[in-house]
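J.: Letter by letter, the chains look like this.
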Amino acid sequence: MQPVDCPFESEVLAAVMEGRWPEATDDRLRDHASGCFICSDTVLVAGEIDNARREARVDVIVPDSTRIWWGAQLRARREDLQTASRPITAAQSIAGACAAGLLGACFGATSAWFQSALKWAGAGAGGIDVTDLIARHGALAAGVGAVLFLIPAAAWLALRRE
Amino acid sequence: MFREITYTDVSRSQAQDDVRGFVMDEEAFRSFYDRTARSLWLYLARITGDRHQADDLLQEAFYRFLRADAVHESETHRRNSLFRIATNLARDARRRRLARPEAGAEVEPAGGGFGNPEKAADLNRAMAQLKPRERELLWLAYAEGASHKEIANVLGLQPSSMKILLFRARRRLAVLLGREESTNAAR
Chain A
1 MQPVDCPFES
11 EVLAAVMEGR
21 WPEATDDRLR
31 DHASGCFICS
41 DTVLVAGEID
51 NARREARVDV
61 IVPDSTRIWW
71 GAQLRARRED
81 LQTASRPITA
91 AQSIAGACAA
101 GLLGACFGAT
111 SAWFQSALKW
121 AGAGAGGIDV
131 TDLIARHGAL
141 AAGVGAVLFL
151 IPAAAWLALR
161 RE
Chain B
1 MFREITYTDV
11 SRSQAQDDVR
21 GFVMDEEAFR
31 SFYDRTARSL
41 WLYLARITGD
51 RHQADDLLQE
61 AFYRFLRADA
71 VHESETHRRN
81 SLFRIATNLA
91 RDARRRRLAR
101 PEAGAEVEPA
111 GGGFGNPEKA
121 ADLNRAMAQL
131 KPRERELLWL
141 AYAEGASHKE
151 IANVLGLQPS
161 SMKILLFRAR
171 RRLAVLLGRE
181 ESTNAAR
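Chains A and B, in that order, give the protein sequences.
Residue numbering for the first sequence follows my numbering, beginning at 1 and increasing consecutively.
Residue numbering for the second sequence follows my numbering, beginning at 1 and increasing consecutively.
Next up, chain A with everything else stripped away, as it sits in the complex (with noise of 0.2 Å):
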């Protein structure tokens, strides 16, 4: 199996990256890194990165600091804001999916149209007389499906990230 390091290699990269290679490297390593593959490799690549890093250092330009620090927070500021006020929203959804389910009941309890068309679901639906069972038990039906399926969509709604 192919070697994956050398003994020598750290010795060779630290040449490298202090700027001593090669002429302030003794013979020794250096006759090593001519005939070593590993630290041959490690003398082009660490050298051509470093140096691409040096020479391109000096022109980078970065935002100021004082800039980065009072960005960060004012943003932060402005999260948090928005965080605070989730709960507001998700109150406000949970409310308006209870509404919705209180209306739907009452709707179904005093509708003729809807009480009709319960008669005829019940007479296809093998002798459960749907429409007693509605009136007896629509509004509990109702709330049971809000807090079921409504209020934990409303929820997710207004608590998820956006």
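In short, the hints are calculated from the structure, not lab data.
Treat each hint with caution, since some may be false.
Stated by the list, open to error - Examples of chain B residues lying across from chain A (beta carbon under 10 Å, computed):
{"no.": "1", "residue": "98"}
{"no.": "2", "residue": "120"}
{"no.": "3", "residue": "144"}
Glycine is no exception: its CB is placed at the ideal position from the N, C-alpha and C atoms.
Following the hints, position chain B against chain A.
T.: Relative to the frame of chain A, chain B by itself:
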């Protein structure tokens, strides 16, 4: 992003009243920023290939670093944390770019336009042919001088796999650079 900031519109004294306390105070942050911003920008420019994106990601990385409110054991730990955040942001940006049909081919890593143009171009061309993770590995190892453990921490890899990964990445780049040299010599 930093081009849009108009914090000067808000007087500093007013902002101080409402300031959100990060774990790091302003003086410590500015000192840390001055030590790391250039290196981080170069890293981002190299792995993304886009200087403008490096500008944006630099700001975002420092913001997320502050927002994380983490307590760090040492300067090295702090620096690793920052580079890890930046690496993840760059990867997310790359995924979003690739997911867009109009993005086309991945942007060729530049980080160039600096120093010796010819040498920079050789390295750029060679690094453009590497995988993103290989670019990250090599830059952290040889530009940042990070140890295997630090690199593994930043890139989310197992320290035990670093030796072989670095070996392969280095071998690939050495071959590519060798080809570039041959091409130049032949001209």
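J.: Run every hint past the structure and note whether it holds.
T.: We went through each hint and held it up to the structure:
1. A cut of 10 Å between beta carbons decides the hint on residue 98 of chain B: the least distance to chain A is about 23 Å, and the hint is violated.
2. This hint holds: residue 120 of chain B has a C-beta 6 Å from the nearest C-beta of chain A, less than the 10 Å allowed.
3. Checking residue 144 of chain B against chain A: minimum C-beta separation of about 8 Å stays under 10 Å; hint holds.
Hint 1 from the earlier list is the only one contradicted by this structure; the remaining hints agree with it.
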